[in-house]
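**Student:** So you can see what is in the structure, the chains are spelled out below.
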Amino acid sequence: MAVYDKRLISKLERKANLIRQHVVRMIYLAGSGHPGGSLSAVEVIVALYFHVMNIDPKKPDWPNRDRFILSKGHGCPTWYATLAEKGYIPVEELDTLRKLGSRLQGHPDMRACPGVEASTGSEGQGLSMGVGMALAARLDRKLYHVYVMIGDGELDCGQTWEAAMAASHFHVDNLTAIVDRNMLQLDGPTAHIMSVEPLADKWKAFGWHVTEIDGHNFKEILRALEKSKDVKGRPNLIIAHTVKGKGVSYMEGAVGFHGKAPTKEEYELAMEELGGKP
Amino acid sequence: MNLKDFKLESQREYWAKALVELGKKRKDIVVLSADLSSSVKTSLFANDFPERHFNVGIAEQNMMSIAAGLAACGKTAFASTFAAFGTGRVYDQIRQSIAYPKLNVKIIATHAGITVGGDGATHQIVEDLALMRALPNMTVIVPADAPETYRAIKAVADYIGPVYVRMGRANIPTITNSKGKFKIGKATVLRDGSDVSLIGTGIMVSRCLLAAEELKKHKISARVIDLSTIKPIDTKTIVKAARETGGVVTAEEHSSIVGMGSAVAMCLVENAHVPMKRVGIPDVFGQSGASDELMEKYGLTAENIIEASHDVIGRKGR
Numbered sequence: 228m229a230v231y232d233k234r235l236i237s238k239l240e241r242k243a244n245l246i247r248q249h250v251v252r253m254i255y256l257a258g259s260g261h262p263g264g265s266l267s268a269v270e271v272i273v274a275l276y277f278h279v280m281n282i283d284p285k286k287p288d289w290p291n292r293d294r295f296i297l298s299k300g301h302g303c304p305t306w307y308a309t310l311a312e313k314g315y316i317p318v319e320e321l322d323t324l325r326k327l328g329s330r331l332q333g334h335p336d337m338r339a340c341p342g343v344e345a346s347t348g349s350e351g352q353g354l355s356m357g358v359g360m361a362l363a364a365r366l367d368r369k370l371y372h373v374y375v376m377i378g379d380g381e382l383d384c385g386q387t388w389e390a391a392m393a394a395s396h397f398h399v400d401n402l403t404a405i406v407d408r409n410m411l412q413l414d415g416p417t418a419h420i421m422s423v424e425p426l427a428d429k430w431k432a433f434g435w436h437v438t439e440i441d442g443h444n445f446k447e448i449l450r451a452l453e454k455s456k457d458v459k460g461r462p463n464l465i466i467a468h469t470v471k472g473k474g475v476s477y478m479e480g481a482v483g484f485h486g487k488a489p490t491k492e493e494y495e496l497a498m499e500e501l502g503g504k505p
Numbered sequence: 075m076n077l078k079d080f081k082l083e084s085q086r087e088y089w090a091k092a093l094v095e096l097g098k099k100r101k102d103i104v105v106l107s108a109d110l111s112s113s114v115k116t117s118l119f120a121n122d123f124p125e126r127h128f129n130v131g132i133a134e135q136n137m138m139s140i141a142a143g144l145a146a147c148g149k150t151a152f153a154s155t156f157a158a159f160g161t162g163r164v165y166d167q168i169r170q171s172i173a174y175p176k177l178n179v180k181i182i183a184t185h186a187g188i189t190v191g192g193d194g195a196t197h198q199i200v201e202d203l204a205l206m207r208a209l210p211n212m213t214v215i216v217p218a219d220a221p222e223t224y225r226a227i228k229a230v231a232d233y234i235g236p237v238y239v240r241m242g243r244a245n246i247p248t249i250t251n252s253k254g255k256f257k258i259g260k261a262t263v264l265r266d267g268s269d270v271s272l273i274g275t276g277i278m279v280s281r282c283l284l285a286a287e288e289l290k291k292h293k294i295s296a297r298v299i300d301l302s303t304i305k306p307i308d309t310k311t312i313v314k315a316a317r318e319t320g321g322v323v324t325a326e327e328h329s330s331i332v333g334m335g336s337a338v339a340m341c342l343v344e345n346a347h348v349p350m351k352r353v354g355i356p357d358v359f360g361q362s363g364a365s366d367e368l369m370e371k372y373g374l375t376a377e378n379i380i381e382a383s384h385d386v387i388g389r390k391g392r
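Protein chains in written order, with my numbering: chain U, 228 to 505; chain L, 75 to 392.
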């Protein structure tokens, strides 16, 4: 079992906290957006960009880079904030989220923002795109790995399962999907809207290698992501158990903050809780 | 001149021939099928290049987004299925995965229109041009015959960006040849004329030629234009024809309220006010039947074009 340097973990934790502050500020300034699903995804995305992925922010089009797709495109504030902290775009640009002419569209536009690998927003398409990218790597004999984060609401989409079947059928093993399992979707708890359990068994039945982790625990995230690279002959799924709205007390587990910006008072409280300056 | 005078050839075979030739020359070409590879003829490519062919089963949504992923990594992806399943069934995937990011995916649709025949309305899509025309970044091509299909596929492979190519199931009259380059966005004047312009697309171009021959007997000189690119539309050739002949008839195997005819009408209303008539399928779904019976039933014959031409000429100068 891999042992992680305490300094690495605390560096990642500080980064995650900073990303959360950016996310809350961006959505507050935009006046609209999806804080809940952005905040649940923070640790996994931070781990990928600050430790796991083979990438170079100075060369966002480098052909051998690892790819990340945020299939749940509404969580893009976290992606943008991570790209900014990593150096793909200026941090000041984060304030332009959802504003006219901004590269930071309300849902990701791969033609607008450096580092954004796929245009998503209409749910359920990202895993298929990831299968295509993984197949391209195989054809080109390249060693890059493709990571796709899917929301648990996207498990309702038939296309997600079409992609799950295809990845397994084509023996794609340079693909890791991470389910941001925050248990909530726009209309309410996922269990009430559309039952998807037993989730791990479903993916196993589809031929995937499955790992379940605490999606806010960096040690578990790093271990699962690194282990997924060693699985041969089949695709990898990580079910990351997360809390929607993680890090902001009144947003945690609150369906109401799926797609709503905080008010001024709520924003100030959130920043106080995150230890940032409003 | 009669329909029997034409050689009948398969667009599907010519598309597959072009695809296999491209596959030999270009390693970046990949092909996707959705359980119809033997019908859409991608099976020929699969035979020669199995590692570059992906059959995803009856999962067209998945096919379109996988194609997008391949294209995002530098591949030229040809995704092929029946027109009904390659447009309406996957409109959102085309819109978000392909057209919005302007990825290099070619949607090659066969079995379009009512000439599908016996399969009936579920398979006879007559709205696909409307759907594809409406998408920003999308190029829409409808070759008139098998040789033009071959040339169009070669041109489409050289063009970088999303393209929709529409063809039918039936063997159709060969009216062009395989020589020369297909120019995307350029209409071809197949026959000059001064009294009326017959603008056709797909199988209807051959009907326009037949109509022009018949009209000649009545001392009416008809220009025939093969409008093989519906988008971007060749405004220059259309407006020139309208001005020089004073009247336009369009003919398409597609719903007449939202297809090529309406694209031409929009072009004329802004540039040249001449009498116009659209020959196409009325605002209805098709049904099972033989191709030629259906063409007659839904008003897609040379006679329908001749009648429309008389109507247009009669309205000139009013």
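Be a bit skeptical, because a hint or two may be false.
Stated by the list, open to error - When the alpha-carbon atoms are kept at most 27 Å apart in a straight line, the in silico BS3-like pairs for lysine-lysine are as follows:
no., chain 1, residue 1, chain 2, residue 2
1, U, K369, L, K314
2, U, K369, L, K98
3, L, K81, L, K291
4, L, K310, L, K255
5, L, K255, L, K98
6, L, K314, L, K257
7, L, K291, L, K257
8, U, K286, L, K176
9, L, K291, L, K99
10, L, K228, U, K459
11, L, K176, U, K285
12, L, K257, L, K99
13, U, K504, U, K238
14, L, K101, L, K91
15, L, K81, L, K371
16, L, K255, L, K81
17, U, K326, L, K176
18, L, K371, L, K310
19, U, K238, U, K326
20, L, K176, L, K81
21, L, K101, U, K286
22, U, K326, U, K313
23, L, K99, U, K369
24, L, K255, L, K228
25, L, K253, L, K291
26, U, K285, U, K326
27, L, K176, U, K369
Claimed, not checked - Taking beta-carbon pairs under 7 Å as the criterion, some of the chain L residues facing chain U (in silico):
no., residue
28, A133
29, G143
30, L264
Claimed, not checked - So the derived list for chain U, only partly shown, Cβ under 8 Å to chain L, looks like this:
no., residue
31, I282
32, T323
33, S329
34, P341
35, E344
36, V358
37, T438
Simulated from the structure, these hints should not be mistaken for laboratory data.
C-beta atoms are modelled at their ideal positions from N, C-alpha and C, and glycine is treated no differently.
**Student:** Of the numbered hints stated previously, which ones are contradicted by the structure, given in increasing order?
**Tutor:** Result: hints 1, 7, 9, 10, 18, 19, 20, 25, 30, 31, 32, 33, 34, 37 break, sorted rising.
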